[in-house]
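For the record, the sequence lines run as chains A and B. Going by my numbering, the letters in the first sequence line up with residues 86 to 305, in that order. Going by my numbering, the letters in the second sequence line up with residues -16 to 286, in that order.
None of these hints come from the bench; they were simulated from the model. Note that CB positions come from ideal geometry on N, CA and C, so glycine has one too. Hints may contain errors.
Keeping only pairs whose Cα atoms sit at most 27 angstroms apart, straight-line, the calculated DSSO-like set for lysine-lysine is [to be verified]:
| # | chain 1 | residue 1 | chain 2 | residue 2 |
| --- | --- | --- | --- | --- |
| 1 | B | 47 | A | 141 |
| 2 | A | 164 | B | 47 |
| 3 | A | 87 | B | 187 |
| 4 | A | 224 | A | 87 |
| 5 | A | 164 | B | 44 |
| 6 | A | 129 | B | 270 |
Looking from chain A toward chain B, a few residues come up when the C-beta cut is under 10 angstroms (computed) [said to hold, decoys possible]:
| # | residue |
| --- | --- |
| 7 | 87 |
| 8 | 93 |
| 9 | 139 |
| 10 | 189 |
| 11 | 204 |
| 12 | 209 |
| 13 | 253 |
| 14 | 254 |
| 15 | 257 |
Next come the chains, spelled out residue by residue.
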Amino acid sequence: MKFTSVFDIIGPVMIGPSSSHTAGAARIGRVARDLFGRQPKWAKIHLYGSFAETYKGHGTDVALIGGLLNYDTFDERIKTAFADAEKAGLDYEFIPETANMEHPNTARLVIGDDEGEMSVVGISIGGGKIEVSEVNGFKLRLTGGMPAILVVHDDRAGCIANVANCLAMHAVNIGHMEVSRIERGLTALMVIEIDQNIEDKVLQQISLIPHISKVSKINN
Amino acid sequence: MDVLFHNVRELVERAEQEEKLISEIMIEQEMLITGRTREEIIQQMDNNLTVMEEAVERGLKGVKSVTGLTGGDAVLLQNYIAQGNSLSGDLLLDAVSKAVATNEVNAAMGTICATPTAGSAGVVPGTLFAVKNKLNPTREQMIRYLFTSGAFGFVVANNASISGAAGGCQAEVGSAAGMAAAAIVEMAGGTPQQCSEAFAITLKNMLGLVCDPVAGLVEVPCVKRNAMGAANSLVAADMALAGVTSRIPCDEVIGAMYRIGQSMSPNLKETARGGLAATPTGKAISKAIFDNGNLESIKSLQK
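So that you can see chain A by itself, here it is in the shape it has in the complex:
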């Protein structure tokens, strides 16, 4: 089931005018920021389908930037996100695309700073609800409705068990888990949805496990 809570239907509380194009867009920006782990210095935002056609009228653009600045759906500052981004040193560019995506409301955010960059594909599925369908080329399905951790690692035996053990030691229960890789033996990604927000020290410990290259989290 894509929608699990009554507050997916009666909610979110948000700045208008569109739950999918404004609130959903803010959430996509915010999840991308969470995954990146800090505020990016630049963002190239590719818009597809209905997002590409109507983003100006719906405030999709200010909402995405607001999300990258860590604003929630009801944050009045969404309206001034462009000016705020300039002050915060965030350069941005919007690129409307003509390609057809699986879902009509899709955005690909390529964000980065001097230390690195990341690509996140988010879709807005209605009523402000979103899913992340791709991170750095890895296909996945992440709703952002639950806390989650993403672990980039070498595709080696034992990696998944080591991460699961580490979570078990901290009594963190795994609600849902997906693994994917681009090519056998190279880089792989674990997406782990968990029942509670996780402390940074747990992430720190996971990052010390051999063959783990990057750990990021989404709190809820």
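Position chain B relative to chain A; hints supplied.
Just chain B now, with coordinates in the frame of chain A:
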């Protein structure tokens, strides 16, 4: 973890068997799925209700969107009601006015609560605050109104769609109107089955409604679609309370809505390429906004 209901039939059966309100089943499911307490869940819905109240109040004072395309109609309607000559009835027009008020605030980038979406956020609160004057509900009953709406919206969202981009306006204002109709019936003392009939009757009459926003803005025709969604839901609720039933079961109406949405041209699903958006005036408004960035020229178009 499995949910308590996957469709309207299961929802109604459970409510009847356990002799509970539909709102109660929704609250119980929320507790089951999220592990949160009843108090926490009720409190969050109470907060959403407050946001809705504030949006209606703000809209009734009169707002204008950035483009100036929408705003002020809620005030016109309230002034008209006050003259005492309304033909369709004060309660119905009050609901229409309050639905419009909410969507005018939304178009002005004000704070609203999506029900189920922002573009369709007027129908549920608009009808609630109008019916309130007749039925004098407690605060708890007003909160229940939102849970009943949510229960039906939950089924639609999971079995069809509540996104205009995926299913057209029928998925947004159509769903919202059905949700409101079901909630009105429960508040008025109708049975769970009557809630289901009201939902079905409402959605049947909004099937095929396309999403064709002028310039891609949630203004024209969205605000007036919320007005008619509210009117539709009140009439359907009265029909269900009178004992009228839908020959096509509620879940099958929802299924039909989904398939209609799938076969709808992308031009008519929130791309602003078809329908009213593609009329000469619709295109002229869009050009005035985006090519010229000139709001004055929109105002001259409206004269």
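Results of checking the hints against the structure:
| no. | hint | verdict |
| --- | --- | --- |
| 1 | 47(B) x 141(A) | 18 angstroms, holds |
| 2 | 164(A) x 47(B) | 15 angstroms, holds |
| 3 | 87(A) x 187(B) | 24 angstroms, holds |
| 4 | 224(A) x 87(A) | 17 angstroms, holds |
| 5 | 164(A) x 44(B) | 22 angstroms, holds |
| 6 | 129(A) x 270(B) | 26 angstroms, holds |
| 7 | 87 | 6 angstroms, holds |
| 8 | 93 | 7 angstroms, holds |
| 9 | 139 | 3 angstroms, holds |
| 10 | 189 | 4 angstroms, holds |
| 11 | 204 | 23 angstroms, violated |
| 12 | 209 | 8 angstroms, holds |
| 13 | 253 | 20 angstroms, violated |
| 14 | 254 | 23 angstroms, violated |
| 15 | 257 | 15 angstroms, violated |
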